[in-house]
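> Residues per chain are reported as follows:
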Amino acid sequence: MAQFLLADDEKQVEQLIRFKLSKEGHSLDYSQNGEEALQKIADGSKIYDVIILDIMMPVFDGIYALKKIRKIDKYKKTPIIMLSAKSNENDVIKGYDSGATEYITKPFSPSEFYARIKKYL
Amino acid sequence: MFMLNEKFLKQKYEVSFTDEDYEYFNSVRKNYLSDILEKNAKLDKQLFFLSEQTDISEHKDVIYDCNRIAHSIKGTGYSYGFKFISEVSFCMEEILDYILDNFNIKLCKKDCGFDRCILFNDLLTEVIKDYFLKNSEFNVSSEYKKKLVNLINQTENIFNNGNEIYSEKIIIKKNILVCGKTNFIFNTLSKSFNNQSLFDFHFAPGFIEILYELTNKKIDYIFSEYNLGEFNALSVYLTLKQTEKYSNTPFYFIVSDIPEKLIKAQIPSDIILLKDKKLINKIIEIIKQK
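Protein chains in written order, with my numbering: chain U, 1 to 121; chain R, 1 to 290.
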């Protein structure tokens, strides 16, 4: 069982991902923006196995959060999956440059999403 | 050129859903549709607000917010198997993108982009309510599809012929170039028009900068001090008179004393402004009159 952390301001995306992950026996912590996700990580009560960050979010966006997370020793090699809309292809490059492991474009189906991330578990 | 139709036909989001996915969607569809309906209502309120404004320049944040809502409805619509919801919100996002991309050129007033968005949003409301009724149906009737195609075609037509159809309803923002060795006149003018968004002021201290501004924008008025370092405003004026783009653009000389070169070149006295205490008021009067 893996512990996931998701940061996305879209509640529907959270529901979709939670559905699939819980069905596969994993647990998910949810944050509505990058700042909240960073607080959860800094809190240290859980070590996350996979982090999923949306790029377009209020407060701290995904790229900013990604750069901050990568500076934490414990999370230097943790798989970090970036989510974003298909049209923002420049974000793909920015994401990989900032240390993203994988990039999944929205929209995605729950099954497609899980098929893409299970190799990191 | 606004190409909604072409972009619409090109968009291909290939999302393959399993039976298990659909089973899940069915279990959460009411929650999902309620959330979307809430966003749709917020969008409606904001679009209505924008369509009521005579000047939207102060409300760019609201447009961004609308764009973000449309974008989010589009993304989750596909992810939840409601393709049509995404298609309609895709159109709204495109229109709002177009308005934002052309923000410095056109300020849309009533009946322009926002009213078109409201029509798309109305269609979205209808469709969501219909989805509520048809519990296990993810497709929509051909009647809605026809409505969407009509809306797309009408919108494209309106945007591309907008200047004719909406000649009274589009404000073209005026670009005013102020040239001089110092930016005093530019700063004073910018401050004087601080709360009015009908004019954009640009400053150019030398010939290269003037050339840059003239090439990259369509300048509507030029106010230039006579002495511009190695060049003078007369050479700029004479050069522009030979160009197709700027031959008819109003050009005003700002001088302390009228240079002999201007008299020799038979420059009309009404385009020579003396640098005195009334200068700024004279410029403001010229801009407002035009």
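Derived by calculation from the structure, the hints in this document are not laboratory data. One or more of the hints may lead you astray.
[Stated by the list, open to error] Keeping only pairs whose Cα atoms sit at most 30 Å apart, straight-line, the calculated BS3-like set for lysine-lysine is: (1) R:Lys60 x U:Lys23; (2) R:Lys7 x U:Lys11; (3) R:Lys181 x R:Lys261; (4) U:Lys40 x R:Lys39; (5) R:Lys264 x U:Lys11; (6) U:Lys118 x R:Lys83; (7) R:Lys277 x R:Lys264; (8) U:Lys23 x U:Lys76; (9) R:Lys60 x R:Lys191; (10) R:Lys45 x U:Lys11; (11) R:Lys218 x U:Lys11; (12) U:Lys68 x U:Lys94; (13) U:Lys23 x R:Lys146; (14) R:Lys264 x U:Lys23; (15) R:Lys245 x R:Lys282; (16) U:Lys11 x R:Lys10; (17) R:Lys7 x U:Lys94; (18) R:Lys60 x U:Lys11; (19) R:Lys146 x R:Lys83; (20) R:Lys42 x R:Lys147; (21) R:Lys129 x U:Lys94; (22) R:Lys10 x R:Lys146; (23) U:Lys11 x R:Lys181; (24) R:Lys42 x R:Lys181; (25) R:Lys282 x U:Lys11; (26) R:Lys245 x R:Lys218.
> So, for every hint listed, does it hold in this structure?
Hint check results:
no., hint, verdict
1, R:Lys60 x U:Lys23, "violated (43 Å)"
2, R:Lys7 x U:Lys11, "holds (28 Å)"
3, R:Lys181 x R:Lys261, "holds (19 Å)"
4, U:Lys40 x R:Lys39, "holds (28 Å)"
5, R:Lys264 x U:Lys11, "violated (73 Å)"
6, U:Lys118 x R:Lys83, "holds (26 Å)"
7, R:Lys277 x R:Lys264, "holds (27 Å)"
8, U:Lys23 x U:Lys76, "holds (28 Å)"
9, R:Lys60 x R:Lys191, "holds (21 Å)"
10, R:Lys45 x U:Lys11, "holds (21 Å)"
11, R:Lys218 x U:Lys11, "violated (45 Å)"
12, U:Lys68 x U:Lys94, "holds (14 Å)"
13, U:Lys23 x R:Lys146, "violated (39 Å)"
14, R:Lys264 x U:Lys23, "violated (88 Å)"
15, R:Lys245 x R:Lys282, "holds (26 Å)"
16, U:Lys11 x R:Lys10, "holds (28 Å)"
17, R:Lys7 x U:Lys94, "holds (25 Å)"
18, R:Lys60 x U:Lys11, "holds (25 Å)"
19, R:Lys146 x R:Lys83, "holds (15 Å)"
20, R:Lys42 x R:Lys147, "holds (23 Å)"
21, R:Lys129 x U:Lys94, "violated (39 Å)"
22, R:Lys10 x R:Lys146, "holds (18 Å)"
23, U:Lys11 x R:Lys181, "violated (55 Å)"
24, R:Lys42 x R:Lys181, "violated (50 Å)"
25, R:Lys282 x U:Lys11, "violated (57 Å)"
26, R:Lys245 x R:Lys218, "holds (8 Å)"
The structure fails hints 1, 5, 11, 13, 14, 21, 23, 24 and 25 (numbered hints given earlier, in ascending order).
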